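Enquirer: So the chains spell out like this:
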Amino acid sequence: MTAPHDHPHQHPAADRQLTTVDAGLDAGHARAHADLWLSDVTAGYDTRPVLEHITLAVEAGTLLAVVGPNGAGKSTLLKVMAGLLRPWGGRVEVLGAPPGREARRVAYVPQAETVDWAFPVTVGDVVMMGRYPALGPLRRPGTADRRAVATALERVGMREHEQAQIGALSGGQRRRVFLARALAAEPDLFLLDEPVTGIDATTQEELMDLLEAEAARGKTVIATTHDLACAAQRFQRVLAINREVVAHGPSSLVLDPTVLARTYGGHLLVLGGQAVLLDDAHHHDQPAPGERHYHDDVAP
Amino acid sequence: MIDLVLGPLAHAFFVRALLASALVGLVCAVVGTYVVLKGLAFIGDAISHAAFPGIVAAFLLKGPFYLGAGIAAVATALAIGWVSRRARIRIDTAIGVLFAGTFAFGVFLFSAMRGWSPDLLSFLFGNVLAISAEDLLGLVALGGLVLAVVAIFWKELLYATFDPLGAGAAGLPVARLEYLVLALVALTIVVSLQAVGIILVVAMLVTPAATAQLLTVRFAALMRLAIVIGVGSGVVGLYLSDWLRVASGATIVLVETALFLVALLLGPRTGLLGLRRARSSRRQG
Numbered sequence: 105m106t107a108p109h110d111h112p113h114q115h116p117a118a119d120r121q122l123t124t125v126d127a128g129l130d131a132g133h134a135r136a137h138a139d140l141w142l143s144d145v146t147a148g149y150d151t152r153p154v155l156e157h158i159t160l161a162v163e164a165g166t167l168l169a170v171v172g173p174n175g176a177g178k179s180t181l182l183k184v185m186a187g188l189l190r191p192w193g194g195r196v197e198v199l200g201a202p203p204g205r206e207a208r209r210v211a212y213v214p215q216a217e218t219v220d221w222a223f224p225v226t227v228g229d230v231v232m233m234g235r236y237p238a239l240g241p242l243r244r245p246g247t248a249d250r251r252a253v254a255t256a257l258e259r260v261g262m263r264e265h266e267q268a269q270i271g272a273l274s275g276g277q278r279r280r281v282f283l284a285r286a287l288a289a290e291p292d293l294f295l296l297d298e299p300v301t302g303i304d305a306t307t308q309e310e311l312m313d314l315l316e317a318e319a320a321r322g323k324t325v326i327a328t329t330h331d332l333a334c335a336a337q338r339f340q341r342v343l344a345i346n347r348e349v350v351a352h353g354p355s356s357l358v359l360d361p362t363v364l365a366r367t368y369g370g371h372l373l374v375l376g377g378q379a380v381l382l383d384d385a386h387h388h389d390q391p392a393p394g395e396r397h398y399h400d401d402v403a404p
Numbered sequence: 042m043i044d045l046v047l048g049p050l051a052h053a054f055f056v057r058a059l060l061a062s063a064l065v066g067l068v069c070a071v072v073g074t075y076v077v078l079k080g081l082a083f084i085g086d087a088i089s090h091a092a093f094p095g096i097v098a099a100f101l102l103k104g105p106f107y108l109g110a111g112i113a114a115v116a117t118a119l120a121i122g123w124v125s126r127r128a129r130i131r132i133d134t135a136i137g138v139l140f141a142g143t144f145a146f147g148v149f150l151f152s153a154m155r156g157w158s159p160d161l162l163s164f165l166f167g168n169v170l171a172i173s174a175e176d177l178l179g180l181v182a183l184g185g186l187v188l189a190v191v192a193i194f195w196k197e198l199l200y201a202t203f204d205p206l207g208a209g210a211a212g213l214p215v216a217r218l219e220y221l222v223l224a225l226v227a228l229t230i231v232v233s234l235q236a237v238g239i240i241l242v243v244a245m246l247v248t249p250a251a252t253a254q255l256l257t258v259r260f261a262a263l264m265r266l267a268i269v270i271g272v273g274s275g276v277v278g279l280y281l282s283d284w285l286r287v288a289s290g291a292t293i294v295l296v297e298t299a300l301f302l303v304a305l306l307l308g309p310r311t312g313l314l315g316l317r318r319a320r321s322s323r324r325q326g
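Those protein sequences? They're chains A and B, same order as listed. Counting with this note's numbering, you get residues 105 to 404 for the letters of the first sequence. Counting with this note's numbering, you get residues 42 to 326 for the letters of the second sequence.
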């Protein structure tokens, strides 16, 4: 359905996708100004494809929400961007290089469910891990690293919990700690898997304020979410996917009932112009190999 | 009393055995911390059994015992790592197959030996009192290598163990670190074979860190505590075995097991007594 990728400067798929909402932006322009650029990307696990023909350009300084039903491939897309999963086909550029090449400028926060909360580490230990990759082997964390950790903990309001074991924290506090780890790494690109899922409204507002501030400083923030209200109110742009890109653009344009109906299919009820999501917010949308999963996903 | 402690030290073989036991306790505790946190106990058991054909082959070829055991253990460790990343069968199934298969091959080789054959029991359960000065030197070198690698990469190993996705996205070579841990486990097992033998190595790897985990929630403290338990059990266990005239490897493991049970019963977090106390104080408050 789309052209092969022999010619790196021709991206008919990019044109097609971007013009759905981003009218007037040509593919070459998008790529040149993008922190993140995907062209006709297909990816999956084992022999099962999850994402197909994903074409996308995200400009630096964007605060982007990725929405879609369970099994839509939101986490998979994030893993492709983070260089954790090699796509089967298509081309990906992250910060102007193949995924993984600029890894030290990328901070990835996994879903809370994938973390072993009984692990013997303190809040301070976890945030310090954000400094490890830049330190390299042999070097011990120094004054600058401890200051960065303290600052990050201060910003997320967890300074007084520095010595606590992570398992002793509430759900919201756990999300704060992982965001602090990402902040301590001082990245240019944040990839956050469900950063505001399962937390109280205050924490959600505070974390979104932080992410907004990072985007305002020119950092790119990409977060998956099940919370459509949060996506509409707090994110500049929204990417709606259901294994393919359904829509990508300003949140006001993407989050309209027609687009949502196409994204969520039968999982969405539209009642008098109000979209109601029938979706389990705590569910993994794509278990990695070896991960336990408790439900059977029904492919759309 | 002092005589009980100092008396055995008059014998060079006992001093060598004491040094070997303490070193094995140290190296096993350090590597075992990662084994426990990564859930590699079963893999450790498999690797130690896989060393058996290597030992027998080294004996048949009149080569050094450490070399045969080392090649077999490291090869199996890397094979397990490869299978766990690539194959489409469950990892515990793959380990179960490798584990029994390699051990059976060792027994096969052993039973094929004609004429004089060595003592099977000392292969399976170790005999630290028989350690030679050269073997002790080799053990120190190999153990030192393992400790040096952990000293260099402890941060990276910790991050990749706790959050492989986050570490991988941040640019740490998570796959290579995984293989590194498996290779360290294999070398640690080789270091420990003379002291505790194939069957009991897994206890040396797992028990000190498992005990420490009951007592602390900090990584650095956990490893330090595991070292104290591992080295202490090595020394105390060897003396006990000398006083009681019983097998040294088994006694060392039993001391570790006893400490684990004490921590389980009395520990501040999981301790059964502590839990009862917490429950009764909650009832009062």
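In case anyone wonders, no lab produced these hints; they're calculated from the structure. Owing to the predicted nature of the structure, the values given are computational and were not obtained by experimental measurement. Hints are not guaranteed to be accurate.
To be verified - Simulated coverage check for chain B against chain A, where a stretch passes if three residues somewhere in it have a Cβ under 8 Å from a Cβ of chain A:
{"id": "1", "stretch": "42-54"}
{"id": "2", "stretch": "135-146"}
{"id": "3", "stretch": "167-173"}
Unchecked claim - To give a feel for the contact side, a few chain A residues facing chain B, derived at Cβ under 8 Å:
{"id": "4", "residue": "G187"}
{"id": "5", "residue": "P191"}
{"id": "6", "residue": "A207"}
{"id": "7", "residue": "A211"}
{"id": "8", "residue": "M233"}
{"id": "9", "residue": "Y236"}
{"id": "10", "residue": "P241"}
{"id": "11", "residue": "M312"}
Cβ coordinates follow ideal geometry from the N, Cα and C atoms, glycine included.
Enquirer: State for each hint whether it applies.
Expert: The hints, checked one at a time:
no.: 1; hint: 42-54; result: violated (count 0)
no.: 2; hint: 135-146; result: violated (count 0)
no.: 3; hint: 167-173; result: violated (count 0)
no.: 4; hint: G187; result: holds, 7 Å
no.: 5; hint: P191; result: violated, 15 Å
no.: 6; hint: A207; result: holds, 3 Å
no.: 7; hint: A211; result: holds, 7 Å
no.: 8; hint: M233; result: holds, 5 Å
no.: 9; hint: Y236; result: holds, 5 Å
no.: 10; hint: P241; result: holds, 5 Å
no.: 11; hint: M312; result: violated, 21 Å
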